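Taken in order, these protein sequences are the chains called A and B. Take -2 as the starting number for the first sequence in the numbering used here and just add one per residue. Take 4 as the starting number for the second sequence in the numbering used here and just add one per residue.
Check the hints yourself; a few may be wrong.
[Unchecked claim] Between beta-carbon pairs, the in silico distance windows are:
1. A:R11 <-> B:P302: 54 to 60 Å
2. B:P342 <-> A:I64: 40 to 46 Å
3. A:D7 <-> B:R5: 33 to 39 Å
4. B:I207 <-> A:D7: 58 to 64 Å
5. B:I207 <-> A:R151: 28 to 34 Å
6. A:R11 <-> B:I207: 37 to 43 Å
7. B:S338 <-> A:D0: 50 to 56 Å
8. B:E360 <-> A:E75: 41 to 47 Å
9. A:P36 <-> B:W368: 56 to 62 Å
In short, the hints are calculated from the structure, not lab data. Remember, predicted model here, so these are calculated numbers, not experimental data. For glycine and all other residues, C-beta sits at the position ideal for the given N, C-alpha and C.
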Amino acid sequence: MPDIVLTVSDLVKRYGALEAIKGISFAVRPGEIFALIGPNGAGKTTTLRCVATLLKPSEGTVTVAGIDVASSPDKVRELIAYLPEEAGAYKNMRGDSYLRFFAELFFARREDQDRAVGTARDISGLGDRLGDKLGSYSKGMTRKLLLARALMTRPRLAILDEPTSGLDVLNALEVRNLIRSFAESGMAVLLSSHNMLEIEYLSDRVGLIYRGLLHDVGTPAELKERYNAQNLEEVFAEVAR
Amino acid sequence: MRRFTVLLRKELRELLTLQVLAPFAVSILVFVLIGNIVGQEGENKTGPSVTVVDADASDVSRSVIDALESGGFKITLAAGDRSPTYIAAQMQDGGSSGLVIGIPRGFGADVSRGTPRRLESHTVMRDFSFLATRDAGALKGILATVNDALSSQLIVQAAPGSDPSAMKNPVGLEEHVVVGDRSARASAEEVIWFISNQTTFIPIVLFLVIVFAAQIIATTIASEKENKTLETLLASPIGRGQLVTAKMVAAATIALVSAAAYMIGLRYYMDSVAGSLGGAGARGASDTVMASLGLTLGPAEYALLGASLFAGTLVALAAAVILGAFAENIRAIQSLLTPLIVFIMIPYFLTLFIDLETASPLLRWSVLAIPFAHPFRAAPSLFLGDLESVWAGIAYETVWFIGLSYIAARIFSSDRILTLKLSGRRRVRP
């Protein structure tokens, strides 16, 4: 296993004249949870989408396990799982069928597919409701199913945009513990969140992104000490100032 | 290939829902139902009915009535002391429709002397349907029957022992129709009637298939964007080309299956309507003539027609993929597809009403430049044995398909699939 799973070097992303990302660099190690925090429009989602092969970098490079996302996106997609912030599911599909569909996309062998679906069943905790159509799911149930879908393939890198969005306190806590346990088994995690408490609890390291620039990177404790702050919210306010 | 199959299965499952299938089933049932109703109405109306007011009550007027009966008209005799106007008004008040013919007093005596007289007719109209038109059109038939019978009587009176038929029609017409290098004894009207009866339903089905396929694929793409499932799919290990192809194959499959169902329903409907208008018998009589003119389609011609339709459907699918990429939600699809549907409608209507081969060069080439013109043109070309133009049309459609597929694949393999929106500008969410 290489020392670095994700390397982002001088990443620039432009939409026409708008420069959304202005040259950011960071790396994520196996088993590490790296969080990007910043206000709306700071460039978090664009960064995550570039890593997830959905957007092509305008400049700079992004590699996953040493594979360049721009030149070999298909290979990178075998290694990652992406959970978008507002992701939905196919409303006419049943929960089981949805998980089976993605398992079949990722794995050729039936045993691997069964194992992935079994893992997802455990993660989602949805039990018999997996036999129901997704259109009947609550927002929280859908989010848990999508997270289970993302983690069931045991990706080298999980890219999670607001992973607990729409979940109640107990479900959010459960999801955080789940992400933590998967990271402990070696999965690297790149996530973004507005919830500073969540970031503080979950993240090994945090990147402060603001107006397309990565202003600082460090552990939550290092950042609080560096900015003489009580919590990450105060750190963030200091950077934004 | 495995991932393509998985994706195709998912696309078909997504499309084969009650919401998609129910409208087809209902449409086909409606076709069958209407066909049955029209057919039964046609059968009930065995012949045009005529109410005759015979104020003359002469041998001549009775021979007029006999001639009408032998001509297939259903005769009802009204009291001779009533005026035809009164009888027609009574029919109108009673809610019925039909023809009233008045034979005036002195009619027989005048006609026998060779003095022309007029029959008085009143057409009571209550609706304007095809069947009502048939009744109204019977008037000329009545006059021809009456004139034929009376002129025969006059000829026999004037020249006993002569053949009235030969004297009335000393010159006959033996009609021949030439199509390509084949010739047959038939009237041009008969041939045109046969071909139009055979091909009327083909453009309708072509139009439905192409438009429906375009709507399906654009809707699936817009639905993926609206339901926020597209990003997850795009980040999965499946090639963008496979993703687009799976959606196109699924949409084409559903469109072709629905086309087959529509075709069966339409065919049933057309046969019922043709039968009720007296067309089925005439068509049967024409079959031999058409075969001798080579105006029948064999399996190879139908295969070529299918290939042209399939190529046209693929062009529509590729164009709809591009348009679907602009849609942020399903509601935007209708307005985005409007230009495409207009380009399908132009050749559809033009090929129904004009002959492109004899149109002005500017109009002809402008229409032929539209790829969807070629499936509509294929059936008439095949009837005329012009296989070259059908093959050329398929080749032209293929060029369009390759070009549009290339653009679609470029959109799907770039940022644009996530950033394009209805206005054409990019949606940015840093």
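Hints, one by one, checked against the model:
1. A:R11 <-> B:P302: 54 to 60 Å: holds, 57 Å
2. B:P342 <-> A:I64: 40 to 46 Å: holds, 41 Å
3. A:D7 <-> B:R5: 33 to 39 Å: holds, 38 Å
4. B:I207 <-> A:D7: 58 to 64 Å: holds, 59 Å
5. B:I207 <-> A:R151: 28 to 34 Å: 54 Å Cβ-Cβ, so the 28 to 34 Å window is violated.
6. A:R11 <-> B:I207: 37 to 43 Å: Given about 49 Å between the Cβ atoms, the range is violated.
7. B:S338 <-> A:D0: 50 to 56 Å: About 53 Å separates the Cβ atoms of S338 (chain B) and D0 (chain A), which means 50 to 56 Å holds.
8. B:E360 <-> A:E75: 41 to 47 Å: violated, 56 Å
9. A:P36 <-> B:W368: 56 to 62 Å: holds, 58 Å
Consistency with the previously given hints fails for numbers 5, 6, 8, ordered from lowest to highest.
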